Amino acid sequence: METLEQTLARAAVAAPGAQLSVVKNDSPCAQHSLLVDVEHAYAVAKFLRDDPQLRLDYCSNVTGVDFLDAELSEKVKVKKVVDGVEKEVEEVKKTKRAGYLEAVYHLYSMALKHGPVILRQRTPGRADPVKVTSLTPLWRSCEFQEREVFDLYGVLFDGHPDLRRILMWDGFKDYPMRKDYAEPDDYEYEPTPHDEVLEKAKAHLPKAEVKA
Amino acid sequence: MDDGLRNELSKQGVVVVKLEELYNWGRKNSVWPLSFGLACCAIEMMAASMARYDLARFGAEVFRPSPRQADLMIVAGTVTKKMAPQVVRLYNQMPEPKYVIAMGACAISGGPFKQGYNVLKGIDRYIPVDVHIPGCPPRPEALIHAFMTLQRKIDAQKLTGPDRARHLNADLPSEFPVPLFGEHDLVPSKNPNVWRPAVVVR
Amino acid sequence: MDGTQFMTFHDLAYDAGKTDFQRKAEVIGVGREGELLEVAMGPQHPSTHGVFRMDVVLDGETVVKLKPVFGYLHRNHEKIAENTSYLGSMPYTDRLDYFCSLTNNWAYALAVEKLAGLQVPERAEYIRLITAELTRVLNHTCLAGFLLQDMGALGTPLMYAFREREKILDLFESLTGARMMCNYMRFGGCRCDLPAGWLAEARKVVAEYPKFLDEFDALLSGNEILMARTQGVGKLSAELAINAGITGPMLRASGVDYDLRKVDNYGIYSRYPFRVPLGDHGDVYDRYMIRMLEMRESLKILEPALKDIPEGPVVDPKAKLRGFRPKPGEAYGRIETPKGELGFYLISDGSPNPYRYRVRPPSLINLTILEDMCLGQTVADAVITLGSVDIVLGEVDR
Amino acid sequence: MPPDKHPYLFLLVFFVMALGFAVGPLLLAMLWAKMFSPAKPGEMKNATYECGLESKGDAWVAFKSEYYLYGILFLIFDVETIFLLPFCVAFTGLSVGAVLAMLVFVLLLVEGLAWAWVKGVLTWK
Chain A
1 METLEQTLAR
11 AAVAAPGAQL
21 SVVKNDSPCA
31 QHSLLVDVEH
41 AYAVAKFLRD
51 DPQLRLDYCS
61 NVTGVDFLDA
71 ELSEKVKVKK
81 VVDGVEKEVE
91 EVKKTKRAGY
101 LEAVYHLYSM
111 ALKHGPVILR
121 QRTPGRADPV
131 KVTSLTPLWR
141 SCEFQEREVF
151 DLYGVLFDGH
161 PDLRRILMWD
171 GFKDYPMRKD
181 YAEPDDYEYE
191 PTPHDEVLEK
201 AKAHLPKAEV
211 KA
Chain B
1 MDDGLRNELS
11 KQGVVVVKLE
21 ELYNWGRKNS
31 VWPLSFGLAC
41 CAIEMMAASM
51 ARYDLARFGA
61 EVFRPSPRQA
71 DLMIVAGTVT
81 KKMAPQVVRL
91 YNQMPEPKYV
101 IAMGACAISG
111 GPFKQGYNVL
121 KGIDRYIPVD
131 VHIPGCPPRP
141 EALIHAFMTL
151 QRKIDAQKLT
161 GPDRARHLNA
171 DLPSEFPVPL
181 FGEHDLVPSK
191 NPNVWRPAVV
201 VR
Chain C
1 MDGTQFMTFH
11 DLAYDAGKTD
21 FQRKAEVIGV
31 GREGELLEVA
41 MGPQHPSTHG
51 VFRMDVVLDG
61 ETVVKLKPVF
71 GYLHRNHEKI
81 AENTSYLGSM
91 PYTDRLDYFC
101 SLTNNWAYAL
111 AVEKLAGLQV
121 PERAEYIRLI
131 TAELTRVLNH
141 TCLAGFLLQD
151 MGALGTPLMY
161 AFREREKILD
171 LFESLTGARM
181 MCNYMRFGGC
191 RCDLPAGWLA
201 EARKVVAEYP
211 KFLDEFDALL
221 SGNEILMART
231 QGVGKLSAEL
241 AINAGITGPM
251 LRASGVDYDL
261 RKVDNYGIYS
271 RYPFRVPLGD
281 HGDVYDRYMI
291 RMLEMRESLK
301 ILEPALKDIP
311 EGPVVDPKAK
321 LRGFRPKPGE
331 AYGRIETPKG
341 ELGFYLISDG
351 SPNPYRYRVR
361 PPSLINLTIL
371 EDMCLGQTVA
381 DAVITLGSVD
391 IVLGEVDR
Chain D
1 MPPDKHPYLF
11 LLVFFVMALG
21 FAVGPLLLAM
31 LWAKMFSPAK
41 PGEMKNATYE
51 CGLESKGDAW
61 VAFKSEYYLY
71 GILFLIFDVE
81 TIFLLPFCVA
91 FTGLSVGAVL
101 AMLVFVLLLV
111 EGLAWAWVKG
121 VLTWK
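Line order of the protein sequences matches chains A, B, C and D. Counted from 1, the first sequence has number 18 at position 18 by the numbering used here; the numbering is strictly sequential. Counted from 1, the second sequence has number 198 at position 198 by the numbering used here; the numbering is strictly sequential. Counted from 1, the third sequence has number 185 at position 185 by the numbering used here; the numbering is strictly sequential. Counted from 1, the fourth sequence has number 93 at position 93 by the numbering used here; the numbering is strictly sequential.
What the hints contain is simulated information worked out from the structure, not anything from laboratory work. Quick caveat: nothing in here was measured; it's all calculated off a predicted structure. Be aware that a few hints might be false.
[To be verified] Sample of chain A residues facing chain B (criterion: CB under 7 Å; computed from the structure):
hint : residue
1    : Asp26
2    : Ala30
3    : Asp69
4    : Ala70
5    : Trp169
6    : Lys173
7    : Ala182
Don't be surprised by glycine CBs; every beta carbon is placed ideally from N, CA and C.
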């Protein structure tokens, strides 16, 4: 199977104007992924599926991932004059990264039996509504999985034939798998309250009863 | 009629028994469970009713699919918030006298999935539970032990008097309100007159 | 069923422009004599193997529309896994597909080993292979029992199947301590070594099993009623199966040769030649026969594997269990469980808890085309088709 | 039993005993229900049971005709068995003509079923 870079090059040709980039994965299994922008996702995916050399006709897994607004700190080698001597000093550089939601597709080929090509779609921000292109018209296995990502992460898939909640009940309002989801306060007295249960206990029980 | 005379008579083959004992003896040996498997505990419930652990010895191998013909509900598995209204409605649709066995840690208190946002922390928030079996999943022998506990409980039920059995007591409710689906949680999140948590007074 | 042409969802999906999913009964083209009866084969139903609900619209006995509804056993496994350590999620994987807990453990252990790059000693690979194949045999036996129960043979085949299941559960109990929830595999090997006499016991069970399979085959496979009720029911074409991501025995019943044990070559499956049975009609009878044949192939793997299992350490001595912190990165590991392809997608950010923990449920995705298989058939056939898909709700709803 | 009593008296006694045996426990149960266990009907308890859900839409739907035809075909054999009962009790003492007559009766009904089968009524559309 060809490397991800070659696939990227051929995909860029097949879907003109698509911003494609490789997302490095530095775990030993080295499954790098292909980031594609939301507008051209359908065209790139169609190319990946119909290209005679790739024939990725089986979309095994669709996952939603939530990245909060984070503050990346990387160690950067900076030349600085320290007490008169020119020296290499490591400095921690803080970069702000806006949060975003992601839909990750693992594509395999049953015809040619070769390994995963991972396709990623990122939403611009985290504020609702976040929109991503649905790939259900290409692979029907995405139907339920995209509904689940919508149900638990709130990512809207346009082009999805039947986008409803799949796991939670329909009247449920918020998206429970997001990192900033607050659970309903379901308090049940614990004989030995400790750390956050203690805070909850303080809110529920009169002062006298709660003695840590 | 003291016990000595009763033993004497039973040796001669004459059995003397109170109406209450006869009534309870008849009911306890034909408890029909409602086939109501939710999760992994349901597989252990099925294994208990199969050839090796044989629930039929206790007269309970007839698993009735419909609540109309069942008088015992074994809540076997995790009760999620989406499933809770159905569990309470099924309980309401069962004819009196009815009993509930909360099988497995999930049915008792949410079990290993207690921190789940969609998991009801125990079925005794909405319906009264007669027998709790801990375990995840409890072994078939534990389920049979629960049946024996339930049979002892049925045996000790009174026919008349203030603390008579619930189904003979007109003013004890046999129906409990079904929770509704709210925007973030079930509304009401628990049934106060059924759910009495153990309050530890320091 | 001559005279009734029905347009399955399959054709609609490719017409990307149409987003309106509500299909009218006329599209189905079924004779409209009586009115349509809408009934919910709901959460508590003997045929749905747990809390799975199908909203069925019936025209007499014929299924006109079938909407599966999930979520009644959504126990938030992935949210809980994000707040527990890697090792802490291992016992939760038993409760995913609670019929095959050892294959779930293996899938999770494989994914974490891919994430952290751990090696597994030889003996542990053998134990993993043996326990996985025993789980496959156990699951397919139970499935044959449940499928016959759906067909109306109440109890009897299930009694036979559970009698065999108890023998294998005794093996698992003596090995791992628990009947169903084994929690046995660790990252880099297994938790404990085989107890004394376990191999002899396992050889005896495996040696006796073909006799039970022949008895089951003689009773069932040639049975006139079974063939009449299952042949031609719930047909699934090969390219719809591939496109809908169907995996496992259901896919091979439609004739697609895709078995992860051969494709991915994980573990030591490459050392034992075994054949992958393929069906050609893709109906319920093919799926039943595929599972019976797969059990025989699994036994052919088990016999030699039980003989030449080497001595040696059971877990990689270098693997750290307590403070296990994989480097930041992500990994997707998958294995062939009796239900299909069970995958774990892990994203780690260097902390002891996974950042994202995703389970690829074969049962949920195999249900994508349940409506296509049941359209135009009677309700009783819909029950059998659901039974042949072999779903377990712990895995469907996670 | 003294001969001058009416020859069918024992049949009456059998009938009364059978009726008593059947109806007796029912009466006892009704007495018990009225005396001891109070009726506790509830609006939820009397709701139609649909797998734990509230059943939407009513079940009074115009059914297809196939159900009716199945019912009629079953009726053939139901009525037939009632007529065959007295015959098979006494057919050892009967002449060949009686057997032939009963055979004609049975064959007539089987011919009706064969006709329905060929017409395709039994295959479900």
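Consistency of the hints with the structure:
Because the closest C-beta pair between Asp26 (chain A) and chain B is about 31 Å apart, greater than 7 Å, the hint is violated. Among the interface hints, the one on Ala30 (chain A) is violated; its C-beta lies about 34 Å from the nearest C-beta in chain B, farther than the 7 Å criterion. Hint status for Asp69 (chain A) relative to chain B: violated, with the closest Cβ pair at about 23 Å, above 7 Å. At a threshold of 7 Å, the smallest CB-CB gap from Ala70 (chain A) to chain B is about 24 Å, leaving the interface hint violated.
Interface restraint check: Trp169 (chain A) against chain B, minimum CB-CB distance 5 Å, threshold 7 Å, status holds. Hint status for Lys173 (chain A): holds, given a least beta-carbon distance of 4 Å to chain B, under 7 Å. Because the closest C-beta pair between Ala182 (chain A) and chain B is about 9 Å apart, greater than 7 Å, the hint is violated.
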